[in-house]
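So the sequences go chain by chain: A and B.
So the first sequence is numbered by my numbering: it starts at 1 and just counts up by one.
So the second sequence is numbered by my numbering: it starts at 1 and just counts up by one.
Derived by calculation from the structure, the hints in this document are not laboratory data.
Don't be surprised by glycine CBs; every beta carbon is placed ideally from N, CA and C.
It is possible that some hints are incorrect.
[Said to hold, decoys possible] Pair ranges (Cβ atoms, derived):
(1) A:S143 / B:M144: 19 to 29 Å
(2) B:A145 / A:A378: 47 to 57 Å
(3) B:D152 / A:Q152: 24 to 34 Å
(4) B:P118 / A:G39: 35 to 45 Å
(5) A:V149 / B:D152: 19 to 29 Å
[To be verified] Residues of chain A clear of chain B, computed beta-carbon distances all greater than 12 Å:
(6) R50
(7) R57
(8) N130
(9) Q144
(10) Q379
(11) R450
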Amino acid sequence: MAGVRTLKTGISGVRGVVGDSLTPHLLVSFAEAFGTYLGGGTIAIGRDTRPSGEMVRSALVGGLLATGCNVVDLGIVPVPTLQIACARNREIGGGIAITASHNPQEWNALKFIRFDGIFLYPHQVEELLNVYHQGEFSLCGNSQVADVVIDQHAVDRHIEELLANVDVSAIAEADLRVVVDCCNGAGSVVSKRLLTELGCRVVAINDTPDGIFPHMPEPVPEHLQQLEAAVRQHNADIGMAQDADADRLALVNECGKAVGEEYTLALAAEVVAARRGPIPLVANIVTSRMLEEVAARYDCPVHRSPVGEVNVVMAMQQAAQQFKRTGQTSEDDHVFGGEGNGGVIDPRIHYCRDSLRAMCLILEGLARHGQPLSHWIAQAFGASAITKQRVECPAARLQPVMLALREEYADQQLDLTDGILVRWPDRSWVQARPSNTEPIMRVTAEADDRQHAEALAERAVKVIRGVVG
Amino acid sequence: MRALKLSIAGVRGVVGETLTPELLVDFAQAFGTYVGAGPVLVSRDTRNSGKMVMACVVSGLMGSGCQVVDIGICPTPALQLAIKEGPAVGGIAITAGHNDATWNALKFVREDGIFLNPRQNEELLDIYHQGEYLKAQWDELAPMASDPDAADRHLQAIAGQVQVSKIRAAAVNVAVDCVNGACSQYSPKLLRELGCAVVIISDEPHRPFPHPPEPSRANLGQLRAVVRAVDADIGFAHDADGDRLGLVGSDGQIYSEQMTLCLCEEMILRRGDPGPVVTNLSTTQTVDDIAARHGRQVHRTGIGQAYITESALNYRAAIAGEGSGGIVFPRLNYAHDSMAAMVHILELLAGLDRPLAQFIEENIPRYAMSGQQVACPTEQAFSVLETIRTQQLPSWALDRDLQDGIKIMGDGQWVHVRVSQTEPLIRVIAEARDEAVAQELVRDYLGQVRQLV
Chain A
1 MAGVRTLKTG ISGVRGVVGD SLTPHLLVSF AEAFGTYLGG GTIAIGRDTR PSGEMVRSAL
61 VGGLLATGCN VVDLGIVPVP TLQIACARNR EIGGGIAITA SHNPQEWNAL KFIRFDGIFL
121 YPHQVEELLN VYHQGEFSLC GNSQVADVVI DQHAVDRHIE ELLANVDVSA IAEADLRVVV
181 DCCNGAGSVV SKRLLTELGC RVVAINDTPD GIFPHMPEPV PEHLQQLEAA VRQHNADIGM
241 AQDADADRLA LVNECGKAVG EEYTLALAAE VVAARRGPIP LVANIVTSRM LEEVAARYDC
301 PVHRSPVGEV NVVMAMQQAA QQFKRTGQTS EDDHVFGGEG NGGVIDPRIH YCRDSLRAMC
361 LILEGLARHG QPLSHWIAQA FGASAITKQR VECPAARLQP VMLALREEYA DQQLDLTDGI
421 LVRWPDRSWV QARPSNTEPI MRVTAEADDR QHAEALAERA VKVIRGVVG
Chain B
1 MRALKLSIAG VRGVVGETLT PELLVDFAQA FGTYVGAGPV LVSRDTRNSG KMVMACVVSG
61 LMGSGCQVVD IGICPTPALQ LAIKEGPAVG GIAITAGHND ATWNALKFVR EDGIFLNPRQ
121 NEELLDIYHQ GEYLKAQWDE LAPMASDPDA ADRHLQAIAG QVQVSKIRAA AVNVAVDCVN
181 GACSQYSPKL LRELGCAVVI ISDEPHRPFP HPPEPSRANL GQLRAVVRAV DADIGFAHDA
241 DGDRLGLVGS DGQIYSEQMT LCLCEEMILR RGDPGPVVTN LSTTQTVDDI AARHGRQVHR
301 TGIGQAYITE SALNYRAAIA GEGSGGIVFP RLNYAHDSMA AMVHILELLA GLDRPLAQFI
361 EENIPRYAMS GQQVACPTEQ AFSVLETIRT QQLPSWALDR DLQDGIKIMG DGQWVHVRVS
421 QTEPLIRVIA EARDEAVAQE LVRDYLGQVR QLV
């Protein structure tokens, strides 16, 4: 990796390449910064299955103990499990998740979590980075060094909560055959068990928690061929694929075809809206229009936010607040949302993307619906094709790119929530925005068919390439 | 600000002040870079900060591709033996020895179980200063392993060095002070194995040090009281990480730490282990007297564990040790070993036909030692020493040694002027048959130093 700058600090935390930019020194300093920022107290940590997780974990423990913190180590857990653990335990003042989600194996990263189990808000990340850069940490003396406690039951508690909030008997009665692909990631320690307890007949593939990814850990169709084949082989009703830290879920239908990760949120929203009525539905700006279809069906207001889990959560919290003023009883029922990349956020459990909650909702829906997944999808949603592209674009070229795009679409109404979004009356749209994690522009387009979507995307890509060169 | 200390004794500092996580991580990476990817054993003493230091060290070692093996809380000589006997490429002991609990430190051990020698320590420091470390890729990282039996294997090895049945038969009545340090869970066990009736003080590893963890006279009051109260035959005091041993006699007499070496020397030379005796320049001349009685030579080195063990190796010594109570038994391992010293003294005791106090009276010549120090900025220290070195020797002088400052030896007396390795001081130590003479020697040379500073 010589010559390529790989360290990335930003609202999603700090991420880098092991053996290159992500060094024990950097990690221990970030841990001290976090401990200093929170003023000590108890901090929970958890990790995905990446082999570098132990090295990172050790650095975090060292840095946290050095700033007088108590550490609760949850071990290898899905990120939502860690987030929920922070929220449920009053003593926990914050958390750090060790995971680089869908990035390839040589990466790892830290994501910082608040006392309430939500990722740090952007202004808080800024404050944390200031502490880190200042380099003055609140180190404690020998007698104040606290303890590391191992908590092996966070997954048990997560499963318990999930089972208490889903119609287990309906799912069990449907006797569904499920193939789950955990990508040898954090889902490996929980998914098979959860699905079994839901009464499904489960075949688990890639559920060895060793972090040796059998395919790229992003649950998009091109990575799911093995799962597709397994669904066909086992005659399964549904295939489910998780990413490395089990916050995202994608589906394969009963014909053994990956339906596309956008359907996860769409189907989950359908299930929730059908049950809870006209609550606000919230997603990021590049999530499929299928959300609006669900909203139309159940009279739900829709809110769109900038990309990023924490942005969606903030928008959800705001929407829930507004809705509460209309006089409902429990705030957690007042909103539902997520991201079209397969991230479902249901505050009934917690304000976090949770592939396990997504599994529960979708299986409940499938069981109730009584029809194969492909039928359910065809009935619930109009034809839609979505394409997601990436174009290299160094930060220095961002401004001229944005200007060029605005010029290109000058005769349209533009949504500038996060980059630039153009919508057409036939409900097709294209969106272009800089990535939070890489030096690229992401272009997403949706239309009734693939050809149209790709044409829309291509137009924007051409403009960008024209500026970048 | 209590400064960071980088020396041949490793890197040591105050937790929360100079011993920062970044420093620990970097030194661990430097060491991992130095020894290369391979198994590296890590141990610690009972200091509360040990878990923090451990986590930083583990991360740094892993980052450089080492396979970390955690052997837990145990004496440093146990770590050294485990490294020597296994496939490890090196190890780190997390202990600040006799420093108080606010300190912690890293001591670096090489493949053969011996601390890095001064040259090797410099090489390690060079790597640290350059800041270019081996950085393992994601698929080159090794998971952590543990070896919780290393300390017990050490006990077995120690027991294997002595005549266990002879010691058992003597049914020695022992009091032992573990100072709530790394020997807490091992020394009492070993003593019981050897058939001793044991009264234990301070064997709780989770509690703080009840007194400074150094087995010197000032810290042995409680042990003495217990020895008297239970009428023990002998009292043993360990330091925090099991390398030094202090002694209290059955009459409640607190022996100087020098006695530990003398008794061990007597034991080993009686046993007939071949080779000379190695000690440092500041240790009592009693060592020479005992060696002479057995027809052996004595080689003296500069102050510091690393010098002792190097010389013990080079001279193929029968025994080596320092007046601080740290003894090396080459037949066991080239490591300072408090419990090994304890056990050898028990064997000596078991073989005596008279009380220990009487034996000492009759066979171990006693001298009076006196010492003082004066502050001296590092820049000046060496020129001060040069002046003293080059001046004319006093009439009583028979020989001198310039290895470490200057030591002037006479008949039954000597004086040693040297610069401290760890603080901005010049130390003057003298020994003579007569206490007044020793003190006079110190006063004389201290005065000379003071005039020059």
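Against the structure, the hints:
In this structure the supplied range 19 to 29 Å holds for A:S143 paired with B:M144, their Cβ-Cβ distance being about 27 Å. Separation of B:A145 from A:A378 is about 54 Å and conforms to the stated range, judged on CB atoms against 47 to 57 Å. Checked against the hint of 24 to 34 Å, the pair B:D152 and A:Q152 passes, with Cβ atoms roughly 27 Å apart. Between B:P118 and A:G39 the CB atoms are about 43 Å apart, so this pair conforms to the stated range of 35 to 45 Å.
Restraint check, A:V149 to B:D152: a C-beta distance of roughly 27 Å satisfies the suggested window 19 to 29 Å. Listed as a non-interface residue, A:R50 fails to keep its Cβ farther than 12 Å from every Cβ of chain B; the least gap is roughly 7 Å. The claim that A:R57 is not at the interface with chain B is violated, since a C-beta of that chain comes within 12 Å of its own (minimum 8 Å). For A:N130, the requirement that its beta carbon stay farther than 12 Å from each beta carbon of chain B is met, with the minimum near 18 Å.
Chain B draws A:Q144 into its interface by the beta-carbon criterion, the shortest separation being 8 Å against a cut-off of 12 Å. With a minimum CB-CB distance of about 45 Å to chain B, A:Q379 clears the 12 Å threshold, and the non-interface call stands. Consistency note on A:R450: stated as away from chain B, and its beta-carbon is indeed over 12 Å from all of that chain's, at 36 Å minimum.
In summary, the structure is inconsistent with hints 6, 7, 9 from the numbered list given earlier, while agreeing with the others.
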